[in-house]
Amino acid sequence: AQSVTQLGSHVSVSEGALVLLRCNYSSSVPPYLFWYVQYPNQGLQLLLKYTSAATLVKGINGFEAEFKKSETSFHLTKPSAHMSDAAEYFCAVTRNTGNQFYFGTGTSLTVIP
Amino acid sequence: NAGVTQTPKFQVLKTGQSMTLQCAQDMNHEYMSWYRQDPGMGLRLIHYSVGAGITDQGEVPNGYNVSRSTTEDFPLRLLSAAPSQTSVYFCASSQKPGQGAYSPLHFGNGTRLTVT
Chain A
5 AQSVTQLGSH
15 VSVSEGALVL
25 LRCNYSSSVP
35 PYLFWYVQYP
45 NQGLQLLLKY
55 TSAATLVKGI
65 NGFEAEFKKS
75 ETSFHLTKPS
85 AHMSDAAEYF
95 CAVTRNTGNQ
105 FYFGTGTSLT
115 VIP
Chain B
58 NAGVTQTPKF
68 QVLKTGQSMT
78 LQCAQDMNHE
88 YMSWYRQDPG
98 MGLRLIHYSV
108 GAGITDQGEV
118 PNGYNVSRST
128 TEDFPLRLLS
138 AAPSQTSVYF
148 CASSQKPGQG
158 AYSPLHFGNG
168 TRLTVT
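Keeping their order, the protein sequence lines are chains A and B. Quick note: to get the working numbering, add 4 to the position in the first sequence (first position is 1). Quick note: to get the working numbering, add 57 to the position in the second sequence (first position is 1).
Hints are not guaranteed to be accurate.
[What the hints assert, rightly or not] One-sided and incomplete, this derived list gives chain A residues near chain B with beta-carbon spacing under 8 Å:
#, residue
1, Gly12
2, Val17
3, Ser18
4, Gly20
5, Gln46
6, Gly47
7, Phe94
8, Asn103
9, Thr111
[As the list claims (entries may be wrong)] Listed below are several chain B residues computed to face chain A (Cβ distance under 10 Å; list not exhaustive):
#, residue
10, Gln63
11, Ala81
12, Asp83
13, Asn85
14, Val107
15, Ala109
16, Gly110
17, Arg134
18, Gln142
19, Ser151
20, Val172
These aren't lab readings, by the way, just hints derived from the structure by calculation. Glycine included, each C-beta is placed from N, C-alpha and C at the ideal position.
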């Protein structure tokens, strides 16, 4: 079975500091990986996706993630945090059959002014 | 473009009552799914559908029924509500089943359900 593990249910960073949210996957076949963001009282929005075309993936709002097969990781980063980045972030995995997406437990990001 | 629309936004039920959570999408997506979100557990798949007339179970299907009579609609039915079903429910759709890599999920804004 596929799964993703997000290390750290809560992360706090200062405004302007580096954001690093961790995601590790477990999959017996090459996975397809996603990061979603959820703002309060809203549904999830796609930030970026890895589809094997390139290991470094750029998403919206300045976020990017790097797929590292040797580490089975897909960590999300942003060089400089903004107050508007405060939200919950979810890593998700699927295979190309695409009928089931598996989500991590989420990381709540707080940005301190 | 409305995207994925869920109704109601909030609902309170008593134990044993039944209800239907509505989900509609206007993007002509073939794939639709229901998730529940609970603190510390992320999103868990309840049921999904790859097209009209086709449904299947996800990770946590017990206590829920679905049907897909049209491409646009995918209602979720709670037959006899229990306090353990208190949760936030999300409907999500994508363009094509079987192409998860290139067809990410589009989410509705959720229904917050409380069962007392």
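These are the hints, each one checked on the structure:
The criterion of a C-beta within 8 Å of any C-beta in chain B is not met by A:Gly12, whose closest approach is roughly 13 Å, and the hint is violated. Hint status for A:Val17 relative to chain B: violated, with the closest Cβ pair at about 21 Å, above 8 Å. Among the interface hints, the one on A:Ser18 is violated; its C-beta lies about 26 Å from the nearest C-beta in chain B, farther than the 8 Å criterion. Evaluation of the A:Gly20 hint against chain B yields a violated restraint, the C-beta minimum of about 29 Å exceeding 8 Å.
For the restraint placing A:Gln46 at the interface with chain B, the shortest Cβ-Cβ distance is roughly 6 Å, inside the 8 Å limit, so the hint holds. A cut of 8 Å between beta carbons decides the hint on A:Gly47: the least distance to chain B is about 3 Å, and the hint holds. A hinted interface residue such as A:Phe94 counts as satisfied when its beta carbon comes closer than 8 Å to some beta carbon of chain B; here the least separation is about 6 Å, so the hint holds. Given the 8 Å rule on beta carbons, the hint for A:Asn103 holds: about 6 Å separates it from the nearest Cβ of chain B.
Below 8 Å, beta-carbon pairs count as interface contacts, and A:Thr111 has none with chain B, the closest being about 10 Å; its hint is therefore violated. A least Cβ separation of about 8 Å between B:Gln63 and chain A falls short of the 10 Å threshold, and the interface hint therefore holds. Interface hint status for B:Ala81: violated, as the beta-carbon distance to the closest one in chain A is roughly 14 Å, over 10 Å. A hinted interface residue such as B:Asp83 counts as satisfied when its beta carbon comes closer than 10 Å to some beta carbon of chain A; here the least separation is about 15 Å, so the hint is violated.
Interface restraint check: B:Asn85 against chain A, minimum CB-CB distance 17 Å, threshold 10 Å, status violated. With its C-beta approaching chain A no nearer than about 6 Å, B:Val107 sits inside the 10 Å limit, and its interface hint holds. At a threshold of 10 Å, the smallest CB-CB gap from B:Ala109 to chain A is about 16 Å, leaving the interface hint violated. The beta carbon of B:Gly110 comes no nearer than 16 Å to any beta carbon in chain A, farther than 10 Å, and the hint placing it at the interface is violated.
Taken as an interface hint, B:Arg134 does not check out: its beta carbon lies about 21 Å from the nearest beta carbon of chain A, beyond 10 Å. Interface restraint check for B:Gln142: the shortest CB-CB distance to chain A comes to about 19 Å, outside 10 Å, so the restraint is violated. Using the Cβ-Cβ criterion of 10 Å, the hint placing B:Ser151 at the interface with chain A is satisfied: the shortest such distance is roughly 7 Å. For B:Val172, the suggested interface contact is broken, since its CB lies about 20 Å from the closest CB of chain A, more than 10 Å.
Comparing the model with each numbered hint stated earlier shows that hints 1, 2, 3, 4, 9, 11, 12, 13, 15, 16, 17, 18, 20 do not hold.
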